[in-house]
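Chains as they are written, first to last, in our numbering: chain U, 1 to 148; chain F, 1 to 148; chain Z, 1 to 148; chain B, 1 to 148.
The reader is advised that the hints may include incorrect statements.
What the hints assert, rightly or not - DSBU-like, lysine-lysine: derived pairs with alpha carbons at most 35 Å apart:
{"#": "1", "chain 1": "U", "residue 1": "Lys117", "chain 2": "U", "residue 2": "Lys85"}
{"#": "2", "chain 1": "F", "residue 1": "Lys85", "chain 2": "U", "residue 2": "Lys117"}
{"#": "3", "chain 1": "B", "residue 1": "Lys145", "chain 2": "B", "residue 2": "Lys117"}
{"#": "4", "chain 1": "Z", "residue 1": "Lys145", "chain 2": "B", "residue 2": "Lys102"}
{"#": "5", "chain 1": "U", "residue 1": "Lys102", "chain 2": "B", "residue 2": "Lys117"}
{"#": "6", "chain 1": "U", "residue 1": "Lys102", "chain 2": "Z", "residue 2": "Lys102"}
{"#": "7", "chain 1": "Z", "residue 1": "Lys145", "chain 2": "Z", "residue 2": "Lys102"}
{"#": "8", "chain 1": "B", "residue 1": "Lys85", "chain 2": "U", "residue 2": "Lys120"}
{"#": "9", "chain 1": "Z", "residue 1": "Lys102", "chain 2": "F", "residue 2": "Lys102"}
{"#": "10", "chain 1": "Z", "residue 1": "Lys85", "chain 2": "Z", "residue 2": "Lys120"}
{"#": "11", "chain 1": "Z", "residue 1": "Lys120", "chain 2": "F", "residue 2": "Lys102"}
{"#": "12", "chain 1": "F", "residue 1": "Lys85", "chain 2": "B", "residue 2": "Lys102"}
{"#": "13", "chain 1": "B", "residue 1": "Lys85", "chain 2": "F", "residue 2": "Lys117"}
{"#": "14", "chain 1": "U", "residue 1": "Lys117", "chain 2": "U", "residue 2": "Lys102"}
{"#": "15", "chain 1": "F", "residue 1": "Lys117", "chain 2": "U", "residue 2": "Lys145"}
{"#": "16", "chain 1": "Z", "residue 1": "Lys117", "chain 2": "Z", "residue 2": "Lys102"}
{"#": "17", "chain 1": "F", "residue 1": "Lys102", "chain 2": "U", "residue 2": "Lys117"}
{"#": "18", "chain 1": "F", "residue 1": "Lys120", "chain 2": "B", "residue 2": "Lys117"}
{"#": "19", "chain 1": "U", "residue 1": "Lys102", "chain 2": "F", "residue 2": "Lys145"}
{"#": "20", "chain 1": "U", "residue 1": "Lys85", "chain 2": "F", "residue 2": "Lys117"}
{"#": "21", "chain 1": "U", "residue 1": "Lys117", "chain 2": "F", "residue 2": "Lys117"}
{"#": "22", "chain 1": "F", "residue 1": "Lys120", "chain 2": "Z", "residue 2": "Lys120"}
{"#": "23", "chain 1": "U", "residue 1": "Lys120", "chain 2": "B", "residue 2": "Lys120"}
{"#": "24", "chain 1": "B", "residue 1": "Lys85", "chain 2": "B", "residue 2": "Lys145"}
{"#": "25", "chain 1": "U", "residue 1": "Lys145", "chain 2": "U", "residue 2": "Lys117"}
{"#": "26", "chain 1": "F", "residue 1": "Lys120", "chain 2": "Z", "residue 2": "Lys85"}
{"#": "27", "chain 1": "Z", "residue 1": "Lys102", "chain 2": "U", "residue 2": "Lys117"}
{"#": "28", "chain 1": "B", "residue 1": "Lys120", "chain 2": "U", "residue 2": "Lys85"}
{"#": "29", "chain 1": "B", "residue 1": "Lys145", "chain 2": "Z", "residue 2": "Lys117"}
{"#": "30", "chain 1": "F", "residue 1": "Lys145", "chain 2": "F", "residue 2": "Lys85"}
{"#": "31", "chain 1": "B", "residue 1": "Lys102", "chain 2": "B", "residue 2": "Lys85"}
{"#": "32", "chain 1": "F", "residue 1": "Lys145", "chain 2": "Z", "residue 2": "Lys102"}
{"#": "33", "chain 1": "B", "residue 1": "Lys145", "chain 2": "F", "residue 2": "Lys145"}
{"#": "34", "chain 1": "U", "residue 1": "Lys145", "chain 2": "Z", "residue 2": "Lys145"}
{"#": "35", "chain 1": "Z", "residue 1": "Lys120", "chain 2": "U", "residue 2": "Lys117"}
{"#": "36", "chain 1": "Z", "residue 1": "Lys117", "chain 2": "B", "residue 2": "Lys117"}
{"#": "37", "chain 1": "Z", "residue 1": "Lys145", "chain 2": "B", "residue 2": "Lys117"}
{"#": "38", "chain 1": "B", "residue 1": "Lys102", "chain 2": "F", "residue 2": "Lys120"}
Honestly, the hints are just simulated from the structure, not real lab data.
Protein chains: 4
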Amino acid sequence: MTRHENISGIDAQRARAAFDAALASQRPEFEHFFLARLLGLSFAYGDADCVVEFEVQDFMFNPQGTLHGGIIATVMDISMGHLLKRMDGTGTTLEMKTQYLKPARHGVLRCRGEFIKRGKSISYLRSTLTDMDGDVVAFATSTWKRLG
Amino acid sequence: MTRHENISGIDAQRARAAFDAALASQRPEFEHFFLARLLGLSFAYGDADCVVEFEVQDFMFNPQGTLHGGIIATVMDISMGHLLKRMDGTGTTLEMKTQYLKPARHGVLRCRGEFIKRGKSISYLRSTLTDMDGDVVAFATSTWKRLG
Amino acid sequence: MTRHENISGIDAQRARAAFDAALASQRPEFEHFFLARLLGLSFAYGDADCVVEFEVQDFMFNPQGTLHGGIIATVMDISMGHLLKRMDGTGTTLEMKTQYLKPARHGVLRCRGEFIKRGKSISYLRSTLTDMDGDVVAFATSTWKRLG
Amino acid sequence: MTRHENISGIDAQRARAAFDAALASQRPEFEHFFLARLLGLSFAYGDADCVVEFEVQDFMFNPQGTLHGGIIATVMDISMGHLLKRMDGTGTTLEMKTQYLKPARHGVLRCRGEFIKRGKSISYLRSTLTDMDGDVVAFATSTWKRLG
């Protein structure tokens with residue numbers, strides 16, 4: 001990273017590597033769509049949860065130099081949508097609320113999506129984002145309508 | 001766009017153009033940070049609102065081929081955070097709820113951030129995202145703590 | 001009001017009058033069910049809103065001596081549910097979020113329920129509670145599923 | 001209960017007994033304020049939770065004959081506010097979101113308030129309301145500002 005790039009804010013080389021890898025591997029499917037690839041998300045499933053992990057990178061920052069709340073909301077939304085997809089098929093988010101508890105600046109974050117209630121038509125989910133210290137970074141709840 | 005790229009999901013050329021332009025123009029400041037540049041956001045301010053506009057592109061899609069809810073939340077968050085910054089200085093989002101009303105697939109979207117209440121310590125904001133037909137795509141409310 | 005009743009917290013005579021009037025006039029229907037009567041709600045409808053008014057009384061207080069947030073949520077829920085009932089038939093609240101902006105201690109409050117979006121299956125509503133100074137006491141959004 | 005009272009909706013005798021008992025025992029303090037007494041709330045505290053129990057009664061119903069969402073919100077708010085009071089002193093609710101999962105018609109409900117995060121200035125709490133079958137009736141999250 002050159003001095004100029006440092007002044008510019010983000011590590012251009014790492015951002016470009018993430019972008020190129022995402023473009024090369026993306027396809028319009030769960031787990032593999034471009035945004036999931038750009039954020040470097042990995043997916044694992046338990047009996048009743050979906051765990052998404054990713055490494056914080058500076059191209060995901062807000063102007064204050066911490067992980068942008070919109071990126072947090074994106075990953076939490078994905079953790080819930082992928083759990084619903086795996087268990088019950090595709091759904092659409094009617095609404096989602098995210099509470100922001102602790103700023104994240106680096107390291108691997110773990111996001112666990114779980115059901116509050118699995119319904120036939122309407123399902124309620126929640127997601128917890130934790131950092132490597134085990135602290136909760138964000139907590140989200142959402143309401144989904146099942147499709148198809 | 002080649003047939004192969006079509007199968008792959010997104011228009012690689014447009015995504016790359018957006019990425020390169022973002023990287024070239026980003027700096028760690030309001031309006032200019034990387035995510036705002038990647039999404040191609042433009043900013044305008046009224047007496048008591050912040051209007052953010054951007055064009056939907058397929059690299060912003062969910063696996064169903066519509067604008068990802070996380071991108072919507074990101075832009076709405078930005079519209080409110082930039083209004084607060086302009087009026088009262090930097091703040092931090094305590095929480096935000098987004099309701100998703102209509103899928104968006106293309107065109108220019110307009111996002112208007114407004115105050116519900118400007119407080120000394122705690123401020124309450126809302127944001128409305130509309131498409132070119134004037135339909136509401138999403139509605140969000142949030143609670144902010146002012147800093148500094 | 002006797003000295004003893006003053007120490008006890010609420011104006012027992014007014015509370016009893018509200019209770020008796022509610023019991024005498026209640027029936028299990030919109031506008032007339034017991035809780036609506038106990039709170040002394042009046043209802044008016046515009047083309048696309050429902051306005052509910054009521055007078056703050058001390059039996060509705062929290063331990064700090066202001067209108068309890070749960071009573072606020074109840075009235076706002078009612079303003080939205082009655083609008084939906086009037087326009088589209090009965091619905092059920094999937095979720096509701098209320099932001100509390102200003103404490104209320106006395107006077108008549110006005111609560112206006114409106115649509116964010118009228119849907120065939122899912123509808124999105126909001127409600128604004130204002131005091132006699134025109135200040136916003138609370139703002140709520142909710143998501144409803146239409147029934148029958 | 002006479003036939004006439006049945007037609008009128010609620011069991012007037014039980015409602016009156018609840019009202020009289022509330023009026024006789026209420027004082028403007030946590031656990032003892034009028035609304036808590038009217039709903040017949042009992043309070044128990046663990047190391048990090050507050051459990052509120054109460055019996056559903058028909059004077060708490062909506063026009064459809066199930067426990068009103070506003071009463072649910074009230075009890076959940078109380079479970080969180082009382083936990084915060086016990087642990088950290090009085091706070092004020094900035095916002096609260098409640099998701100409604102299952103209607104409740106009778107029996108004893110149990111509401112558990114817990115911290116998502118205990119903060120110095122801002123605290124985040126959640127509450128879970130369950131019925132006698134162990135099913136979740138409602139789930140709520142809230143954001144509080146500590147006072148004093």
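query: Is the straight-line distance between the alpha-carbon of Lys117/U and that of Lys102/U 35 Å or less?
result: Cα-Cα ~27 Å, so holds.
query: Under the criterion that the straight-line Cα-Cα distance not exceed 35 Å, is the pair Lys120/F, Lys117/B satisfied?
result: holds, 23 Å
message: Hinted pair, alpha-carbon criterion (35 Å max): Lys85/F, Lys102/B. Please report holds or violated.
response: Violated: Lys85/F and Lys102/B sit about 41 Å apart, past 35 Å.
- prompt: Lys102/B and Lys85/B: Cα distance at most 35 Å?
  reply: It holds: about 29 Å lies between the C-alpha atoms, which stays within 35 Å.
query: Lys120/Z and Lys117/U: Cα distance at most 35 Å?
result: With a Cα-Cα distance of about 23 Å, the restraint between Lys120/Z and Lys117/U holds, given a limit of 35 Å.
- prompt: Is Lys85/B close enough to Lys120/U, meaning Cα to Cα at most 35 Å?
  reply: violated, 39 Å
query: Within 35 Å, alpha carbon to alpha carbon, are Lys102/U and Lys117/B?
result: It holds: about 9 Å lies between the C-alpha atoms, which stays within 35 Å.
query: Under the criterion that the straight-line Cα-Cα distance not exceed 35 Å, is the pair Lys145/B, Lys117/Z satisfied?
result: Cα-Cα ~32 Å, so holds.
Given pair status - Lys117/U, Lys85/F, alpha carbons within 35 Å: This hinted pair is violated, its Cα atoms lying about 38 Å apart.
task: Could you grab the alpha-carbon distance between Lys117/Z and Lys102/Z and see if it respects the 35 Å cut-off?
output: Answer holds: Lys117/Z to Lys102/Z is near 27 Å, not above 35 Å.
task: Starting from Lys145/U, check that the Cα of Lys145/Z is at most 35 Å away, please.
output: holds, 10 Å
query: Are Lys117/U and Lys117/F close enough, with their CA atoms no more than 35 Å apart?
result: holds, 34 Å
In terms of the numbered hints stated before, the structure departs from hints 2, 8, 12, 20, 22, 23, 26, 28, 38, listed from lowest to highest.
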